[in-house]
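2 protein chains.
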Amino acid sequence: MTGATCNWLQPFRASPRGRVLVGMTQTLDTLVVTGPTDPASTWLAGFEAALTARDIPRAAAMFATTSFWRDLVSFSWNITTVENRDGVTDLLEHTLDRVDPRGFTLTEPSETADGVTTAWFDFATSVGRGHGLLRLVEEDGEPRAWTFLTTLQELTGHEEPRGVRRPKGAEHGANRDRVTWAERRAREAETLGRTEQPEVLVVGGGQGGIALGARLRQLGVPALVIDKHARPGDQWRGRYKSLCLHDPVWYDHLPYLKFPDNWPVFAPKDKIGDWLEFYTQVMEVPYWSSTVATKATWSPERQEWTVEVEKDGETLVLRPKQLVLATGMSGKPNIPDIPGMDVFRGDQHHSSQHPGPDAYAGKRCVVIGSNNSAFDICGALWEHGADVTMVQRSSTHIVKSDSLMEIGLGDLYSERALAAGVTTEKADLIFASLPYRIMHEFQIPLYEQMKERDADFYERLEKAGFWHDWGDDGSGLFMKYLRRGSGYYIDVGSADLVANGDVKLAHGQVSRLTEDAVVLEDGTELPADLVVYATGYGSMNGWAADLISQEVADKVGKVWGLGSDTTKDPGPWEGEQRNMWKPTQQENLWFMGGNLHQSRHYSLYLALQLKARHEGIPTPVYRLQEVHHLS
Amino acid sequence: MTGATCNWLQPFRASPRGRVLVGMTQTLDTLVVTGPTDPASTWLAGFEAALTARDIPRAAAMFATTSFWRDLVSFSWNITTVENRDGVTDLLEHTLDRVDPRGFTLTEPSETADGVTTAWFDFATSVGRGHGLLRLVEEDGEPRAWTFLTTLQELTGHEEPRGVRRPKGAEHGANRDRVTWAERRAREAETLGRTEQPEVLVVGGGQGGIALGARLRQLGVPALVIDKHARPGDQWRGRYKSLCLHDPVWYDHLPYLKFPDNWPVFAPKDKIGDWLEFYTQVMEVPYWSSTVATKATWSPERQEWTVEVEKDGETLVLRPKQLVLATGMSGKPNIPDIPGMDVFRGDQHHSSQHPGPDAYAGKRCVVIGSNNSAFDICGALWEHGADVTMVQRSSTHIVKSDSLMEIGLGDLYSERALAAGVTTEKADLIFASLPYRIMHEFQIPLYEQMKERDADFYERLEKAGFWHDWGDDGSGLFMKYLRRGSGYYIDVGSADLVANGDVKLAHGQVSRLTEDAVVLEDGTELPADLVVYATGYGSMNGWAADLISQEVADKVGKVWGLGSDTTKDPGPWEGEQRNMWKPTQQENLWFMGGNLHQSRHYSLYLALQLKARHEGIPTPVYRLQEVHHLS
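Protein chains in written order, with the numbering used here: chain Z, 1 to 631; chain L, 632 to 1262.
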């Protein structure tokens, strides 16, 4: 208690990590108990021994008969899932010598429940450090891998400047050639894209482009994000005014900087827009607003792209090595070609161009489509006193937002999950660890719960004549998102307007427009001052067709979807989302996108792939994307 | 493993909080071991029993003969420390019935080291919930409280909308009177200060005003922050260009939103400026830039202030109930009155007005003063090729930044501290828990370590003739900060310029200026094109004199300092920083300020005091600030 003999903080230091005080006398080290008796630890040691001995049959035999190994970049320089022992064998035969995996170590004790042992682990490869999630089941009396997720987290020698590696900021000492942070930033702004070429050009600066831009900045890869809007965040600000995110805050964090804990569950679009703008600045993402890419050409000889851009009216030519299309996972708007569109005298536009309801009070509005955008637009128009009719052309899946949050996401992304220790980072990996092949089996019971919980709601919808479905196999919303990116509405209130007739419902295909009406195939005539085409979007390779060429778009093929052989997601089974965040058939062309969750998580793997190429680290791709469909 | 029978996340759920797996079979609940055998738990139970019985002598007897109870707002509606059993008795006699404290519960197991048992606890009062830190020592064979910190964390029924209470954001359902977030924000901006009066007016929008503004926003207290600069953050942007924070990132977080982990240790001033601007927007702090308060008058009859402000040239009158001066803890610049200032032909200005070195390459620059600003300005001028002389008028304490970080702050604010479980929130409370009366005893050995570690450096400084000290009692920099807010330099490189003669050193008081020189009392003539008065700042009540009246400034008295009876901090002992973040002798006038750490932490207590008044919760102040000095 006297100053002469003790550090003033000594009595208050926290326990060293991993130690738990038991009573007042006994100290237990939690790491000790994860030792040799942990079945996951034993499995990992055996697996590593087999790999070190290059004994692929032995390693493959440690997987269950039905098993899935999903790799995010760490073994495959790809995003890929192999199945069963044959798949494991094939992956290892193609990668083992090069990857030289080692150091498989549990990062916390495994847990066993319902016959499945789940374990988090770290490992290393010849070029980086990885993190993974293993699930063991017993087969023939042995614990065998049922699911195995391996992910690359960082490249050795190219670790990000974060935490203990964060930059110092101040340059201490006296230096007559000192360049301040503001001066360095100003110089960079002057030279980038003019005397200095970005190695990576990211076309599209919504959440996908910004998240990737932040990762690349952090990894020291010279990049530039360009976007047609005047300010980052305008992608959201420009949408209809009542729009709020349909996904909850816990699911929506961007890399490096989480939303604060006073952030709304479902953020209003302008608030998200402001956050994206701020985030771009705080993360020092090189970003050109008011810039449109007009033409891109790949030169195999020079191994670079030539990209013409219009920046605030000025034409510039950029020569990046890598071109990333982050122009929206939804692809280009599908605008139907309907006879009479040229004679219709009212307003007509695709949902993506809808300016909001303000101008349409008292007007007759026909919204063609019955998915998310259609409902949101119908709801806002009704709120502004418009006369609204929704034209349903095919069935739609609706779930109530509250039910989806609680049943569908709550275990991973919620305050409840956080309180249980499921951080965003863990949730992302848990999410990523369940194989797409069997994911629907785990989704079906969740939607059965929702069906029961909201039975009254679905009955009312049905009575109103709404065509409702639960997906081809009853697996609900998230599978529809992964398979086709469409066909659903997360109900935040507008479904009731349809159920109670406030928004009128019509069915069938549109046959033509007249000067003042929409005419359906059954002859129904819907008088209209406004027609909104909430008719969805095409495949993202449509952007490549516009910017590069139809030839390259066809070479790359369809983007998104799994090959599930369900509506709008034709087979054969491909096992991963087509062409997303991974190499395509077109050298040095990449697709980035998805919701905020995917933008956060998968930007890491795309950024590491680009960083490796930037550093000249060999990146042989295992199982390059095959092309089965053009769009 | 089949979808029909299990939730897809079931196997992967984290353990419930507080449970630690031991081996594979045994589960220990860490809460159990904090039970009746924990000496801190026993002490708290006994203390609560005495309080519940209103047995003040028994409660006071549970404190050690020499002991300190620091209360932040929870018992006292003040920031105050009472000492020994007499002090405890007095505090309880004045507050116990009203506060009705209860529910003292450990939040984690206590820890014992070097004869001191340290324990974190929660408790409740008649109006709110608190958190505290207790240290027990053995006296007469009994564990007795040596230090006891009690802090109010929230008001019951007025909990902040955070975490599980965060706002929903989207308003689900259909509503023809819907007002969007952007519309609500726009309306608020239109009406605030015009048709709607802020309850709290915060004059000054640097980190202190912004942090308080964010807290008040979060608590739903109508407030307005005004600042003379064009944009939030300009307080930093406008300073000399090589400036970086002298405190490290872990110490500098603002409430609610921490810097990301890629943030520099010592952030450049423009980057901090941008962050403050962004933060103001993200936290939706009502903020008027380019606004100056010109006159404030308190009406005891109406119980409100009348404040005239100039906003972008427009004169407005505001009528807040509460007036907070957050215009800088350093107070108004001390500009000396030196004969000849009117004849000097070069540039002359106070350090706070120094524009940076750009215009002074090759010029003869004399910097009067030898503390932080003087060193920073001398260093930057030298880097730009100026001929620089520092005039040292009295001795200065210098510590090297690296040593201060490692030895002085590292246990509480560092990656090391975080890894050991010392979060920012815990660090703030640990920091707050050590009584000012004895803090110097714990600081002295830290500075003895620094003296030894950097012995060569101090020897060189001394050889160069620099007058160096370690504070009146050898307790170093932090005590100087608390006592007088001046008299030191955190060396980030410029001290070497003085040590090696690159920056010339002169000593003594300035007697006069000529047309082109500074003349010292010993007759030394220093030719000068520029004179910088790095002569420090006055007491913050100087702001009150300017804005309100000298009478109110005198009524309030000196701001800052402890009454330590050391240089520039005259006695008697007051035990807390004078007038900061707590009631003053002037009704409804408050002072907010300090470094980023203090702005973060103490803004909570000031905000809760203002919130209680806003809600009409009685707030009788125990031991209102006495006035012993006018400035």
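If you're looking for bench data, these hints aren't it; they were derived computationally from the structure.
One should not assume that every hint holds.
As the list claims (entries may be wrong) - Straight-line alpha carbon distances no greater than 30 Å define the calculated DSBU-like cross-link-like pairs of lysine-lysine that follow:
{"id": "1", "chain 1": "Z", "residue 1": "K258", "chain 2": "L", "residue 2": "K1199"}
{"id": "2", "chain 1": "Z", "residue 1": "K332", "chain 2": "Z", "residue 2": "K295"}
{"id": "3", "chain 1": "L", "residue 1": "K872", "chain 2": "L", "residue 2": "K1057"}
{"id": "4", "chain 1": "L", "residue 1": "K859", "chain 2": "L", "residue 2": "K889"}
{"id": "5", "chain 1": "L", "residue 1": "K889", "chain 2": "L", "residue 2": "K926"}
{"id": "6", "chain 1": "L", "residue 1": "K1199", "chain 2": "Z", "residue 2": "K241"}
{"id": "7", "chain 1": "L", "residue 1": "K1135", "chain 2": "Z", "residue 2": "K168"}
{"id": "8", "chain 1": "L", "residue 1": "K994", "chain 2": "L", "residue 2": "K872"}
{"id": "9", "chain 1": "L", "residue 1": "K1135", "chain 2": "L", "residue 2": "K1094"}
{"id": "10", "chain 1": "L", "residue 1": "K1057", "chain 2": "Z", "residue 2": "K426"}
{"id": "11", "chain 1": "Z", "residue 1": "K258", "chain 2": "Z", "residue 2": "K463"}
{"id": "12", "chain 1": "Z", "residue 1": "K168", "chain 2": "Z", "residue 2": "K241"}
{"id": "13", "chain 1": "L", "residue 1": "K889", "chain 2": "Z", "residue 2": "K426"}
{"id": "14", "chain 1": "L", "residue 1": "K799", "chain 2": "Z", "residue 2": "K451"}
{"id": "15", "chain 1": "L", "residue 1": "K799", "chain 2": "Z", "residue 2": "K426"}
{"id": "16", "chain 1": "L", "residue 1": "K963", "chain 2": "L", "residue 2": "K799"}
{"id": "17", "chain 1": "Z", "residue 1": "K258", "chain 2": "L", "residue 2": "K1135"}
{"id": "18", "chain 1": "L", "residue 1": "K872", "chain 2": "L", "residue 2": "K963"}
{"id": "19", "chain 1": "L", "residue 1": "K1057", "chain 2": "L", "residue 2": "K799"}
{"id": "20", "chain 1": "Z", "residue 1": "K504", "chain 2": "Z", "residue 2": "K463"}
{"id": "21", "chain 1": "L", "residue 1": "K1057", "chain 2": "Z", "residue 2": "K168"}
{"id": "22", "chain 1": "Z", "residue 1": "K504", "chain 2": "Z", "residue 2": "K568"}
{"id": "23", "chain 1": "L", "residue 1": "K1186", "chain 2": "L", "residue 2": "K1135"}
{"id": "24", "chain 1": "Z", "residue 1": "K228", "chain 2": "Z", "residue 2": "K168"}
{"id": "25", "chain 1": "L", "residue 1": "K1082", "chain 2": "Z", "residue 2": "K168"}
{"id": "26", "chain 1": "Z", "residue 1": "K295", "chain 2": "Z", "residue 2": "K228"}
{"id": "27", "chain 1": "L", "residue 1": "K859", "chain 2": "L", "residue 2": "K942"}
{"id": "28", "chain 1": "Z", "residue 1": "K168", "chain 2": "L", "residue 2": "K889"}
{"id": "29", "chain 1": "Z", "residue 1": "K228", "chain 2": "Z", "residue 2": "K258"}
{"id": "30", "chain 1": "L", "residue 1": "K1186", "chain 2": "L", "residue 2": "K952"}
{"id": "31", "chain 1": "Z", "residue 1": "K228", "chain 2": "Z", "residue 2": "K555"}
{"id": "32", "chain 1": "L", "residue 1": "K1186", "chain 2": "Z", "residue 2": "K258"}
{"id": "33", "chain 1": "L", "residue 1": "K799", "chain 2": "Z", "residue 2": "K504"}
{"id": "34", "chain 1": "L", "residue 1": "K1094", "chain 2": "L", "residue 2": "K1082"}
{"id": "35", "chain 1": "Z", "residue 1": "K168", "chain 2": "L", "residue 2": "K942"}
Said to hold, decoys possible - A few chain L positions that, by computed beta-carbon distances, are all more than 12 Å from chain Z:
{"id": "36", "residue": "P792"}
{"id": "37", "residue": "N806"}
{"id": "38", "residue": "D808"}
{"id": "39", "residue": "A813"}
{"id": "40", "residue": "I903"}
Even glycine gets a Cβ: it sits at the ideal position worked out from N, Cα and C.
Right, here's what the structure says about each hint:
1. Z:K258 to L:K1199: Violated: Z:K258 and L:K1199 sit about 44 Å apart, past 30 Å.
2. Z:K332 to Z:K295: holds (16 Å)
3. L:K872 to L:K1057: violated (34 Å)
4. L:K859 to L:K889: holds (26 Å)
5. L:K889 to L:K926: violated (36 Å)
6. L:K1199 to Z:K241: Between L:K1199 and Z:K241 the Cα gap is close to 58 Å, so the pair fails against 30 Å, i.e. violated.
7. L:K1135 to Z:K168: Given pair L:K1135, Z:K168 holds - Cα atoms ~29 Å apart, limit 30 Å.
8. L:K994 to L:K872: holds (18 Å)
9. L:K1135 to L:K1094: Roughly 13 Å between the alpha carbons, so the hint for L:K1135 and L:K1094 holds.
10. L:K1057 to Z:K426: holds (24 Å)
11. Z:K258 to Z:K463: With a Cα-Cα distance of about 43 Å, the restraint between Z:K258 and Z:K463 is violated, given a limit of 30 Å.
12. Z:K168 to Z:K241: violated (42 Å)
13. L:K889 to Z:K426: Roughly 20 Å between the alpha carbons, so the hint for L:K889 and Z:K426 holds.
14. L:K799 to Z:K451: Holds. L:K799 to Z:K451 sits at ~24 Å (cutoff 30 Å).
15. L:K799 to Z:K426: Since the Cα atoms of L:K799 and Z:K426 sit roughly 24 Å apart, the hinted pair holds (cutoff 30 Å).
16. L:K963 to L:K799: violated (44 Å)
17. Z:K258 to L:K1135: violated (48 Å)
18. L:K872 to L:K963: holds (22 Å)
19. L:K1057 to L:K799: holds (29 Å)
20. Z:K504 to Z:K463: Holds: Z:K504 and Z:K463 sit about 13 Å apart, inside 30 Å.
21. L:K1057 to Z:K168: holds (24 Å)
22. Z:K504 to Z:K568: Holds, because 27 Å separates the two Cα atoms, which is no more than 30 Å.
23. L:K1186 to L:K1135: violated (44 Å)
24. Z:K228 to Z:K168: violated (35 Å)
25. L:K1082 to Z:K168: holds (24 Å)
26. Z:K295 to Z:K228: Distance ~14 Å between Z:K295 and Z:K228 Cα, so the pair holds.
27. L:K859 to L:K942: Since the Cα atoms of L:K859 and L:K942 sit roughly 9 Å apart, the hinted pair holds (cutoff 30 Å).
28. Z:K168 to L:K889: holds (17 Å)
29. Z:K228 to Z:K258: holds (26 Å)
30. L:K1186 to L:K952: Measuring from Cα to Cα gives roughly 19 Å; hence the hint holds.
31. Z:K228 to Z:K555: holds (26 Å)
32. L:K1186 to Z:K258: violated (46 Å)
33. L:K799 to Z:K504: holds (29 Å)
34. L:K1094 to L:K1082: holds (16 Å)
35. Z:K168 to L:K942: At roughly 39 Å apart (the allowed maximum being 30 Å), L:K942 and Z:K168 break the hint.
36. P792: Contrary to the label, L:P792 does not stay out of reach of chain Z, its closest Cβ about 6 Å off (not over 12 Å).
37. N806: violated (6 Å)
38. D808: Violated, because the least Cβ-Cβ distance between L:D808 and chain Z comes to about 8 Å, which does not exceed 12 Å.
39. A813: violated (4 Å)
40. I903: The claim breaks: L:I903 does not keep its Cβ more than 12 Å from every Cβ of chain Z (closest is about 10 Å).
Going through the hint list in order, the structure does not satisfy hints 1, 3, 5, 6, 11, 12, 16, 17, 23, 24, 32, 35, 36, 37, 38, 39 and 40.
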